[in-house]
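Asker: If you want the building blocks of each chain, they are given just below.
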Amino acid sequence: MKNGAVDLVQLRKQFGEVAAVDGIDVSIEAGEFFSLLGPSGCGKTTTLRLIAGFERPDGGKILLDGEDMAATPPHRRKVNTVFQSYALFPHLDVFDNVAFGLRRAHVKKGEIKGRVTRVLEAVQLGGYEKRKPGQLSGGQQQRVALARALVLEPSVLLLDEPLGALDAKLRKALQLELKAIQERFGITFVYVTHDQEEALTMSDRIAVMSGGRVEQIATPEGMYEEPETVFVADFLGVSNLMRVRAEGADGGACLTVLGDFSLRAGRGEIAHQGETHIVIRPERVVIEPYESSGANRVPGMIERVVYHGSSEQLVVRLASGDIVQALFVRDGSSHDWAQGTAVQVHLPAEALRVLPPSSPGEMAAVAEVAPPDSGAALEVGAS
Amino acid sequence: MTRRWFWPSFALPGAGWLILLFLIPTYAVVAVAFGTFDPIFSTPVPIWNPLHWQFASMRSVLSGLEPGHAFWIVFVRTVGYVAISLAGCLLIGYPVAYYLARHARRTKGLLLVLLIVPFWVSYLMRMLAWVGLLLPDGLVNRTLMDVGVISAPRAWLAGQASSVVLALVYGYVPYLILPLYATLDRIDRSVLEAGRDLGGSPIRTFLHVTLPLSRHGILAASVLIALPMFGDYYTNDIISNSPRTSMIGNQINLFFQGGSEQAVGASLVIVLSLFLAVLMSYYLWITVRASAETKESLL
Amino acid sequence: MRRVRNWFANPWGQPRALGAITWLYMVWSIAPVLIAILFSFNNGRSRSVWQGFSLRWWWRDPNNSVLHDPTLRGALEQSLRLAGLDMLIAVPLGVGLAIGLTRWRGYGAKPVNYLMLFPLVTPEIVMAVSLFLVFDHLYNVPFGTEAQVLGQVTFSISYVVIIVRGRLLSVGPEYEEAARDLGASPLGAFRLALLPLLYPAVFASLIVVFALSIDDFVVTQYMSAGQQTQTVPILIYQTVRGTATPALNALASLMVIVTLLSVGLAYLVYRWASRAQPVTSSGALNEIAALEA
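Chains as they are written, first to last, in this note's numbering: chain A, 2 to 384; chain B, 217 to 515; chain C, 1458 to 1750.
No lab work stands behind these hints, which were simulated from the structure alone. One thing to keep in mind: the hints can contain errors.
Pulled a few chain A residues facing chain C out of the computed Cβ check, cut under 8 Å [what the hints assert, rightly or not]:
no.	residue
1	Gly-67
2	Ala-71
3	Ala-72
4	Thr-73
5	Asn-81
6	Phe-84
7	Ala-88
8	His-92
9	Phe-96
10	Arg-105
11	Arg-149
12	Gly-212
Cβ atoms here follow ideal geometry from the backbone N, Cα and C, with glycine treated the same way.
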């Protein structure tokens, strides 16, 4: 019987003065790949350890399929963990490592052998039973750690940045493998990571966390296209945040004032009035020749052209003073956008999103995570 | 949950042992030092209640420590021996540690092993070795006579301060070299290279970069061997066996041979411990200050 | 002359002077011991004049060799007896103390830590005197083997703690967490995930306690009760200035060889057992050696 729905209700955990987890509400569905995403110190690992049972909550509830688990010690929860450092027992070989949990549960010897062999095949390590962890590569160790947890057929599998120690290429390959395994076994995965690309690639849904709180829970596309706060907008990919004065809705879009320019923003809090931010993704920004005219266009000058192999990034300074990044996929067509060229920057209304006003604390968190105007800040799309 | 007491309970037997056989015995020293004397049985009687402590024995020890008196002479002599031996150990030990840390490449493993071997040779065996060499017909006398430095065998083992100091240096220098080596090894090579790069000759780099950086290690290693040296009595007994070279340790030892002078011996132990505690505190104070400084400096 | 000076002052080569000093030191440090061992094979009674090679002091002489002389044999046996008992008691106490100290989160941890560190900086005579007095006046423990064991264990525990604690800290809590995650109780996790990783350190501390015990003098002497409870160091102390024969050298050499062999063995086992784990060999070497200090 494997359900695996996890509910966190007003979960709180404090370390001394600091609230590592500050009253979060998360509902994870059975069988979904759910990621906890955020910068270091946001509370995602603490949340995971609370679900695993290595920390006791100071408030709130942890429900597994409706049952409160807060009082259950870790070795009795139907939840297993894949640790960031794998924590494979160095004195045991691969077989004994994977069989460890089964032996603790007093499973019969014959059954143990069968289950271990099958799960090792599933992670493509059939035949490695006699090896010791010290003789395995990083990727192989990670798969043994996975097998060790999977063989127990938990309802929920917790993964704490399991791919952090691997190089980029191996990481990408394993991301696909993990996703395939999750879909095949149907286990709920709760996946902690600080790498937003990883989260976007693998998850069914993501929860972005910052400062012990949940900023937003959404599907990857929803999170990327419709960020609800400045932090979320800035954490996932390049966001092109601009401060504006919103003047309320007018015919299905919000009238915003950026410096001396007026822009219509068609998404988000279009009825808002007051100081706030608008955001647009770099791949939606259209660079036009200086002479072109029309609504939602702001003149600017190209400050830098950055070559990213499959794409090109233009850093443009608008006449209002803001920096905007535009992303071009290199499709073979040529253009004249060189450093120093004067252009018109078209920010299409349907791609321009109004965000709710943010607190100074939030702005500080944003500044910490993504320093403004860094040419290397381009995340999604570049390889 | 019972978890809070789970781990500390592992420590309980060991901690209990140390309390019973280390902590309480130190109190026994105080109780005997400030105790009285039973005239009938000629035995010292410890007084456990601080309110009833007698200070006669301590007073006699303290008066013996006044300049010119018996204990003072021994004390000064001990400080002298320790100081000279320490200097000798540093003079010999620092170059060796330095060479080992900074230069020996291929031979480093072998040298480290050779360095560590004396640790595991019993101190008394090493003294036995020197007695054999320093006997009137021993190798030292015979070689010196063959070479012509002396004309008649010298009595190295009869109350010679130089022999005692030599033995102390021989005995304790390995305990100095290893921590010194560890300190010097830890000095970042690039700091020294920077010194050379900025125009210092090898000697000046040593004087102005290496030496200051190893200052704390030198102090630590010195304290490490000075502490036991102050309590040493057997070196003197084996190499000299004469009251002319007796150290504080010998004095203390004397008072425990008979059994009736325990209070005086205990008082001496207290004085010695306090003296060493002052040394230790000074060392710890320097350490705390040094680590506070290094936290702020880039070096 | 100039060539000699240049050879010494080579700026890119090894500093020859320092190297020479170092090797000279090594010779000076080890030669006397080697000579003493050599003299144990002396044909005559002298410990300072070579009279030919002989095994008489080791086992040939029916009265005065190490094998046959009851005083010498007795000292050897007492040394080994004390070492065995010391190992048996001090290591479990020390391992427990190390584990408890590393995991203790409460208020008692700091004082117990200091309590453990104090024996390491206390001069032996202070410790010996305090034990002497407390046995004489408070605990009424008679001097002799029991008292000697009690004294030796007291200073051995701290060394065990340092060795095991070093290993514990490098192991970290994650293996036990993984074990508990997989269904082991806290005690089970300790037994299955942590203890096996400590075996090298436990073995190393056994050997260190052995060596410390065999070579100990001050505490053992103060706790002794006459000739019956003499150990080899005490025997050396008593007879070295007198009419001791090379049998004494033989006895001492025997102890040296036994100690060096066991330390060498411990080092090899420690390296073999930790080979898959991130402990550097020079680190282990320094650890084991720095303990004597």
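Asker: A separate judgement is required for each hint: does it hold in the structure or not?
Answerer: Right, here's what the structure says about each hint:
| no. | hint | in the structure |
| --- | --- | --- |
| 1 | Gly-67 | violated, 22 Å |
| 2 | Ala-71 | violated, 16 Å |
| 3 | Ala-72 | violated, 15 Å |
| 4 | Thr-73 | violated, 12 Å |
| 5 | Asn-81 | holds, 6 Å |
| 6 | Phe-84 | holds, 6 Å |
| 7 | Ala-88 | holds, 4 Å |
| 8 | His-92 | holds, 5 Å |
| 9 | Phe-96 | violated, 14 Å |
| 10 | Arg-105 | holds, 4 Å |
| 11 | Arg-149 | holds, 7 Å |
| 12 | Gly-212 | violated, 26 Å |
Of the hints listed earlier, those the structure fails to meet are numbers 1, 2, 3, 4, 9, 12, in rising order.
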